[in-house]
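Top to bottom, those sequences are chains A and H. Take the first sequence: its letters are residues 1 to 139, numbered as in full-length UniProt numbering. Take the second sequence: its letters are residues 1 to 146, numbered as in full-length UniProt numbering.
Worth flagging that the hints you see were computed from the coordinates, not collected in a lab. Beta carbons are placed, not taken as given, at the ideal position from N, Cα and C, and that holds for glycine. Wrong hints could be hidden among the right ones.
Keeping only pairs whose Cα atoms sit at most 30 Å apart, straight-line, the calculated BS3-like set for lysine-lysine is [claimed, not checked]:
#1 A/Lys50 to H/Lys81
#2 H/Lys4 to A/Lys50
#3 H/Lys123 to A/Lys50
Going by beta-carbon spacing under 7 Å, a handful of chain H positions derived as facing chain A [unchecked claim]:
#4 Pro54
#5 Phe59
#6 Ala60
#7 Gln87
#8 Tyr91
Pulled from the structure, derived: some chain H residues nowhere near chain A, Cβ distances all over 10 Å [to be verified]:
#9 Gly8
#10 Val15
#11 Thr38
#12 Ala40
#13 Lys114
#14 Leu134
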Amino acid sequence: MTHPTYDSIQIGDELPALQLAPVNRTTLALFAGASGDHNPIHIDTDFARKAGMPDVFAQGMLGMAWLGRLLTQWVPQAQLRRFDVRFQGITHLGHAVRCTGRVVEKLEHNGERCVRVEVLSANQYGQPRIAGEALVALR
Amino acid sequence: MIDKKWIGHELPASVLPIERTRLQFFAKAIGETDPVYTDAAAARDAGYPDLPAPPTFLFAAELDSGASGQMLDDLQIPLSKLLHGEQSFEYHRPACVGDTVTVRSTISDIHDKKNGALEFVVKTSRATNQRDELVAELRTVIVCRH
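Using the sequences and the hints, build the whole thing.
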């Protein structure tokens, strides 16, 4: 696979999108174990309902990890300089998240040629779940 | 209301060894299929000494150690009211299998919005490796909803 270079990238270029399968309870349980986030609101329906939620829902960091996959399938991780997100909406069971990204700026940062990428994850209804941006060094 | 006396509080250091089976488990949990994250030979071909921790993995350090849970107890934020508002990573060098990462955090701000209906806690962290080299800086905003 060829990686993008600074000269080949134009502002407005889109990253290859990453489409996830609908969130199910198995995914949430596996991520709880792998991430160390044992908050029962993501794995125990009884707890979630007592907390006023309709059911368990996805860990925010699972959604951020998916956006991380969007970035690292585009460029090697060693070129990632910053990665910032805001969690905007809860990802519920059954939500099929799609991660997208777009180059919005070419700039120099600490003597390196970089691009700023806006990233977004949204469910199948087009509702944003996580919005953020990344700074990526390109050769 | 969360007591503002906690602004400036330093959490106990969290030590996270970067272990192969944990990274492989994490890759499975997030659906990662790039062999760089599960196969040491593929990682070496990509220029890493061994499997690299994925971009968001270091968030686990303070969950594993209990530092995150202790902070919530100290600030009296129940899990049922907790939301993750924002998360940032600034990367300095990779953390790979065989490294041991230490995360040290400070509560840098506490504020509220909507007449206290939402309270925000900002935590800033530095992650260093066993050679005391800076691996990453993290910024976390958690939200307590009333």
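Hints versus structure:
no. : hint                : verdict
1   : A/Lys50 to H/Lys81  : holds, 11 Å
2   : H/Lys4 to A/Lys50   : holds, 28 Å
3   : H/Lys123 to A/Lys50 : holds, 28 Å
4   : Pro54               : holds, 6 Å
5   : Phe59               : holds, 5 Å
6   : Ala60               : holds, 4 Å
7   : Gln87               : holds, 6 Å
8   : Tyr91               : holds, 6 Å
9   : Gly8                : holds, 23 Å
10  : Val15               : holds, 13 Å
11  : Thr38               : holds, 13 Å
12  : Ala40               : holds, 15 Å
13  : Lys114              : holds, 16 Å
14  : Leu134              : holds, 13 Å
Hint compliance for this structure: no hint is broken.
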